[in-house]
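Participant: What follows is each chain in one-letter form.
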Amino acid sequence: MLIDFFLKLKSHKLPVSIKEYLTLLEAMGKGLIGPSVDEFYYLSRIALVKDEANFDKFDRAFSEFWQGVETIPGIEAQVPLEWLLKQVELTLSEEEKKQIQALGGWDKLMETLKQRLEEQKGRHQGGSKWIGTGGTSPFGAYGYNPEGIRIGQDKGRNRSAVKVWDQREYQNLDDSVELGTRNIKVALRRLRRFARDGAPEEFDLDTTINQTARKAYLDIHMRPERHNTVKVLMLMDIGGTMDDHVKLAEELFSAAKTEFKHLEFFYFHNCLYDFVWKDNRRRHAERTRTWDLLHKYGHDYKVIFVGDATMSPYEILQPGGSIEYFNEEPGAVWVKRVAEVYSKCVWLNPEPEEIWGYRQSIQVMKELMNGRMYPTTLAGLERAMRVLSK
Amino acid sequence: MRFSGSADYVSTEDLTLAVNAAITLQRPLLVKGEPGTGKTMLAVQVAKALGVPLLEWHIKSTTKAQQGLYEYDAVSRLRDSQLGDQRVHDIHNYIVKGMLWQAFSRDEPCVLLIDEVDKADIEFPNDLLRELDRMEFYVYETRELVQAKQRPIVFITSNNEKELPDAFLRRCFFHYIRFPDKETMEKIVAVHFPKLKKALLREAMEVFFEVREVPGLKKKPSTSELLDWLKLLLAEDISPEALRSNDRKTIIPPLHGALLKNEQDVHLFERLVFMTRAKGG
Chain F
1 MLIDFFLKLK SHKLPVSIKE YLTLLEAMGK GLIGPSVDEF YYLSRIALVK
51 DEANFDKFDR AFSEFWQGVE TIPGIEAQVP LEWLLKQVEL TLSEEEKKQI
101 QALGGWDKLM ETLKQRLEEQ KGRHQGGSKW IGTGGTSPFG AYGYNPEGIR
151 IGQDKGRNRS AVKVWDQREY QNLDDSVELG TRNIKVALRR LRRFARDGAP
201 EEFDLDTTIN QTARKAYLDI HMRPERHNTV KVLMLMDIGG TMDDHVKLAE
251 ELFSAAKTEF KHLEFFYFHN CLYDFVWKDN RRRHAERTRT WDLLHKYGHD
301 YKVIFVGDAT MSPYEILQPG GSIEYFNEEP GAVWVKRVAE VYSKCVWLNP
351 EPEEIWGYRQ SIQVMKELMN GRMYPTTLAG LERAMRVLSK
Chain V
1 MRFSGSADYV STEDLTLAVN AAITLQRPLL VKGEPGTGKT MLAVQVAKAL
51 GVPLLEWHIK STTKAQQGLY EYDAVSRLRD SQLGDQRVHD IHNYIVKGML
101 WQAFSRDEPC VLLIDEVDKA DIEFPNDLLR ELDRMEFYVY ETRELVQAKQ
151 RPIVFITSNN EKELPDAFLR RCFFHYIRFP DKETMEKIVA VHFPKLKKAL
201 LREAMEVFFE VREVPGLKKK PSTSELLDWL KLLLAEDISP EALRSNDRKT
251 IIPPLHGALL KNEQDVHLFE RLVFMTRAKG G
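Going down the list, the sequences are from chains F and V. Counting in the numbering used here, the first sequence runs from 1 upward without gaps. Counting in the numbering used here, the second sequence runs from 1 upward without gaps.
Just chain V, same shape as in the assembly:
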């Protein structure tokens, strides 16, 4: 199995190598990067390109590592015992399989996405060390050892909100998705909007990279914001001329709300535009 990008996802050389290293050596791949650079999409696209199923485990601040393995549903068992249900005698009826177990019990390989691992409690990654390393865990209630039939391809994404423990990092491959350069960005846009007019794209990209360079922005627009913005430009049928100006610094690009998500950033941006305009006039 080898990944080499897909029709809907532009993968750089180093990213492709990272994915293939994870597939070949069967180690988890930890992906970090600016928000909106396609960390989560990577797992989706790899699964699609390899033609294997994708299991997603989204992490919240309350998620426990145990929930990914299994949960023992004591409440239903208590209820069933009072109703005299026969199911109550078999504990297996009350073990709810988590995402990891589901991935381990598959006969064919699959892609497992552990999304936003940094959202969880600080102990979360530590609790998954053995599970991710040896791909096995022990179920205390039924006294059985669950081992992966086929080691799943594991992708873990992080937004860097918490530092991950060294022991955890040592077991993963690591890739940092950099913000794409202009060339890569054009490829990405072409994948998403194949019918986009050349002229509009060129103007839009100019504006986009200029906005990114405005000093002091709290949140710079990223790939996903650009794609949203282009979608809006297309929907509103904005002509390339509207984006073009002799001195681009003196106009506010249409629908800029899609690029700047922060009120302060919008203010800052508008102020800068007005200042240049005042100076020019």
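Excised from the complex, chain F in its bound form:
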């Protein structure tokens, strides 16, 4: 039975391994948990899921699996009644309690419910759902029981078994959605790589002793100091269609600033042309020629474009396409130049990846970047950083 559970997790693309599955079985064998679905949920999560980003996936898989389950030896007998009891207690109103009295008291009612549960199982062989969601069972989270007593799904489920995974509390830890400054930092940190580079400055004690012992004379060794050698050039789209994404761009900016020793920042508008600028308020007064940019920053810089690449395709492909001034060479030429000079170069696009296909300019830009365009989700950033740090 649990093999199906394991396969279910696999089919939800959870990275579970056989070793972890065996650990789970071992834990169950040692009697770590009682026959409660709640505890089984916790235990299986502890043993099988090793990243909170996957908790949501796990919750979904778990919920799906348990909805389809008919019998789990040991669990089936105890849980439903106790759970049910809580449910009914919590949601009954005064009138309903009187009704129960009329039906012959609480115990009798529970007896009836129990009976009904067994009957139902007999009748709907293989098809009826376990006590839980769905409404085909006589009682449960989303149904009505035959006496007309509602067992609610909103109220009073706070401590019940289903809630824990049906609530999907870990939804926003899923790495394909949320993106905060801290998350970006974590992703950018992948880029931060310590490398020994430059002139030897530090006395290397271990190598010195080792070499001295080997050669039988004092052989002093020096080594270069460790420092962060990653150099980053960020080019960000500003204004126009990017206004919607300003907050995200700002977060990216503040995250990036603390992560690298050599970080240069420039802005452009819509598409890269002859000029970039550092201060958006004085963009017309203080501009840097893009040629100078290419000459000044060595080709070991890694270039990150941030922009939605959403514009008229003419702005990329035609000379004079810029909406601000007459550019002699089309934007495409400039982007190509950057991509050629800097072999490590990516484009981060805050627009959702699903709609890229419908915007011609995004397609064009992606092609110019040799396909290295990534969404600004955590997963997208990870992909981008992996490309950059290769």
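In case anyone wonders, no lab produced these hints; they're calculated from the structure. Yeah, the Cβ is synthetic: ideal placement off N, Cα and C, and Gly gets one too. Each hint should be verified, as a subset may be incorrect.
[As the list claims (entries may be wrong)] Coverage of chain V stretches by chain F, computed from C-beta distances (three or more under 8 Å per stretch; other residues unrestricted):
| # | stretch |
| --- | --- |
| 1 | 12-21 |
| 2 | 67-81 |
| 3 | 174-186 |
Chain F is fixed; fit chain V onto it per the hints.
Facilitator: Okay, now just chain V, sitting in the frame of chain F:
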């Protein structure tokens, strides 16, 4: 041995189960969570509750896995050889035991905390695979195999700054400490400040959860910030009335510096308060 929370530490149901799974199956437990939710405290409290010694190994960016096993002190040996010290003939005198070795050589079980494992080099967890899995390692200098007499209960905390390798994760149990809900939070506060007045606590909690909900904060205040803040409120003898207001959004709570640690956050917060105030007036 079973852990069931302690007088000074509020443990949720799932956390208790995770700790007990780690104790029973003798696997390391990896704990993650927002900063300030009590990851490190967990190991301290488990050791206290079980009445076993605690060994702490704090990881820095320069820490090597080898340092947790042992270090060979070649420099003292070189010096001793020149001074003609007799100790020099026995290599064992120059092997300095690391935290893992110390934990392995104990006769009774103990709790070993490997704190902030993500701070170290990316290869660090990979270098500890066999050590944590089989609880043994080989000392090349003396050619001996060190095996754990009693497998220690290992807690590993991570702040998620680096991803840990899959091979490492597969050998651990994993628990993510969620930010506590109001109910749990009240329990936590009660544990730390048993004499706190009900009225003050209620007001303080309201303010705290409101501040947490301010949109756009870079670092939301966490449990440890709340506890610090309450300590300050008590020390300054602030009355519950000072925290109360008809419209709480129009006052800046006293001593808010304890809750917001980031200059930008403080600015943002103050700006929001002024904006609501201007609108209201």
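Participant: Take the hints in turn and mark each one as holding or not.
Facilitator: Verification of the hints:
no. : hint    : result
1   : 12-21   : holds (count 6)
2   : 67-81   : holds (count 3)
3   : 174-186 : holds (count 4)
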